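Trainee: These are the residues of each chain, in order.
2 protein chains.
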Amino acid sequence: MSSHATQTVGSPKLSQAAVDKLKSICGEKNVITSKIGMYAYGYDGTLLFGVPSAIVFPETTQEVVDIVNFAREQGISLVPRGAGTNEAGGTIPVNGSITIGFSRMKKVIEVDVDNYVALVEPGVVNWDIQEILAKYGYYYPPDPASWKSSTLGGNLGECSGGPKCFKYGVTRDFIYGLEVVLPTGKVIWVGGNDFSSEPMYDMTRIIIGSEGTLGFITKIAIRILPIPAAKKTMLAIYNTPEDGSQSVADIVSAGIIPTTLEMMDNLIINTTEDFVHAGNPRDAGALLILEVDGHPGDLDEQVKTISEIVKKANAREFKVASSAAEVDQIWLARRVAFGSVARVRPNYGVNDITVPRSQFPAVIAGIEKVKKDFGVTIGVVAHAGDGNLHPLILFDQRNQDEVEVVHKAEKELCKLALGLEGTISGEHGIGLVKKPLLFQEFSAVTMDVFKKIKRAFDPKNTFNPTKLIDL
Amino acid sequence: MSSHATQTVGSPKLSQAAVDKLKSICGEKNVITSKIGMYAYGYDGTLLFGVPSAIVFPETTQEVVDIVNFAREQGISLVPRGAGTNEAGGTIPVNGSITIGFSRMKKVIEVDVDNYVALVEPGVVNWDIQEILAKYGYYYPPDPASWKSSTLGGNLGECSGGPKCFKYGVTRDFIYGLEVVLPTGKVIWVGGNDFSSEPMYDMTRIIIGSEGTLGFITKIAIRILPIPAAKKTMLAIYNTPEDGSQSVADIVSAGIIPTTLEMMDNLIINTTEDFVHAGNPRDAGALLILEVDGHPGDLDEQVKTISEIVKKANAREFKVASSAAEVDQIWLARRVAFGSVARVRPNYGVNDITVPRSQFPAVIAGIEKVKKDFGVTIGVVAHAGDGNLHPLILFDQRNQDEVEVVHKAEKELCKLALGLEGTISGEHGIGLVKKPLLFQEFSAVTMDVFKKIKRAFDPKNTFNPTKLIDL
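Same order as they appear, the protein sequences are chains A and B.
Every letter in the first sequence is one number past the one before it in UniProt numbering, and letter 212, counting from 1, is 212.
Every letter in the second sequence is one number past the one before it in UniProt numbering, and letter 324, counting from 1, is 324.
Source of the hints: derived by calculation from the structure; they are not laboratory data.
Since this is a predicted model, take the numbers as computed values, not measurements.
Some hints here could point you the wrong way.
[As the list claims (entries may be wrong)] Facing chain B, from chain A, some residues (calculated, C-beta under 7 Å):
#1 E110
#2 D114
#3 K186
#4 I188
#5 E198
#6 M200
#7 R357
#8 T423
#9 F450
#10 K452
In this text, a Cβ means the ideal position worked out from N, Cα and C, and glycines have one as well.
Construct all of the structure, not just a fragment, from the sequences and the given hints.
Mentor: Here it is, written out as structure tokens:
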């Protein structure tokens, strides 16, 4: 959500010659300068809004290079954009900048199952590559909630996580190498094609999570894995969120690494019931969705251990899905969780604070306190296995007083996470929204190193400026 | 091995005041300036040699800071050193520099099994932390061959791999966060305490693999895992290296991810037989050691599939260890492989070229050609699962003509790896030895970005200068 003033559409203009040049690079219909285009591409997943001077859709690395060179000559800054699902304002146009939309760069260049690698372009939607890989019996583990629409380029920009990341790791753990267009217009390949280390400084991972501020990704070598032979999906229901969060800590302490450990609180259980009638009890304090995967032989044993642990933590109900339909039924509420809260209030702020797993009960208790202290409505959805929480603060942006209280509550949530040795952002990035909070997490010395890295790549600050840090 | 001139001991000298200052920081007996000390700490795992002006052994981060500040004021450069097992010359003293030995910083500060994390100092030996973790039922997967002596700080400096890395990943995949002393003398914590992404630029991974050229690591939060419930160790013996390497490709293509897929060729089979009489057939062309781990239920099925695959690839023998003694017997030859070649020639050059797994048969054939073309003796030990090979070129450094041929053969091996879309260094780093070969792997544009990163951290080039890149 936004604390930034809305810009007015129509002010920044490119000369006709500049527009013609962009059209000569990308093709007539792949350059948008209309007012309606500005509106359509002025937003992302936040409430922020910005006005670009044009939106261009290159199809090849060379076209990206030509745009970068032209923009540099003209002194125009560039903002990269995938599907625009960004939760931190990272893809919001900067006043007068050109937005590069990567949605036409969506070729799957190669699927190489022998080396567990696929070479793709950044505009490929996460879900689409999963469907292609499934035909080979493979998958790409990072699975952000937005995966049906978000692009791999965007996932890399934010170093996205997702439900499966507890067991398998986040985006940075599944990238072998990248083709990157630098602010100089030069193209480099960083990283390798295989699992071993590349020597020298880890350029792959400095680009991942940099939100387009250091370079634009034009090709990605993703690491893929064989689809596990079997999986078991479980549902545990608790009277209190404390009991649910204790189960999370207990399961992991027992040495079990589930694929997924998702949690929803009472408010989200009720908003999802209103929406899809998933059949979960409205008086429950928390609900856990658990999945384990691997060879069939292991799973029965793991399910047994988990069932014992959750019962010891006072679960009032524990179910193991015995059919694909039952699996879908268990996931139904979780899948619509974010959308369902619109029934309560028109807007929500998504946070992605993260704490060490053992602090999960403490952070749940802390969120309860924030609710009371600020009088705000918060629904909690969490990737509980890795301590990554999405407390959704519900509000109405037309009520300015309420918006201000929400901002204060968000700051308090960040303070809460930092006090528990956590971070203000586990997977959504910094963009514009979290930038004012960075000083809470990083020292002045660390912020200075970030600036030096940014300057090393982009001394003129033309690649997604104003995001992450100001120079 | 070295193409660098040997320096003369005794030339660079610190003033008595400077030595006194260092002693006041670290304590009288923790500063070495004797000639014998120069010899002892002038080497690493290569044949290179360099002369420091002093060797100092700090015990705390503050002592490291004090040394860094003093050296900066005096314009003296600093070289970090763990156990000195470096295979690329990264810890060789630069003429007149001060070597900081981290072996006294070996505290295990915390083992936190609830969060799968241990906080340690950089001088902790890899093997020692494994023994401590084992008491809790946990382990740290990266296991370089040097693990009985090499330190975690050194492992991070090189981003070391090891036999288990095929399944689990390399060093960078097992580090949550780091305390780092920068060339400015400032101390920062980079990364987090848990599994989720830290926001902003990935400082943790830019430091990992940087060989002490950007900062000195003083604390490490390592990710630990529960020891798998069971493991199976197998041995497959082949008439030809081609058959052995085909098995590697076939096993992985079948969707099996063994913990370990180690390979030895005929020469190494014979040198290890001479040394330890492991009982392997001297006429075999190659030998594979395979391990799978996980829940006991899975393993039988995986062993069955592997046995079918290796038989189809003409394995003449396939054994599954049925006791701890049999496991040790299978590993015996591999454990002494490097040392055993000293029976053939007094020196060996270790390479760590790496290729995509499916190119494994091609790289094995390429090494055969290098042997013939250059008339050199090469024994191959390989982490075959991740395409990471150690062709050991055997020679006598007293024969200068032979040394020159070996250098040419090494360059040819690197060219071979790059031609197969591989890298010149999979896990040993660049240091001094591979620096002249970097231009073969990286474009001038990429090298320029490396330099900019180095300058961003260390503009005066005082942290391990001459290693990796020259400014």
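Trainee: With reference to the structure, classify each hint as holding or not holding.
Mentor: Comparing the hints with the structure gives:
no.: 1; hint: E110; in the structure: 12 Å, violated
no.: 2; hint: D114; in the structure: 4 Å, holds
no.: 3; hint: K186; in the structure: 4 Å, holds
no.: 4; hint: I188; in the structure: 5 Å, holds
no.: 5; hint: E198; in the structure: 6 Å, holds
no.: 6; hint: M200; in the structure: 6 Å, holds
no.: 7; hint: R357; in the structure: 5 Å, holds
no.: 8; hint: T423; in the structure: 6 Å, holds
no.: 9; hint: F450; in the structure: 6 Å, holds
no.: 10; hint: K452; in the structure: 4 Å, holds
Violated hint: 1 only; the structure is consistent with all others.
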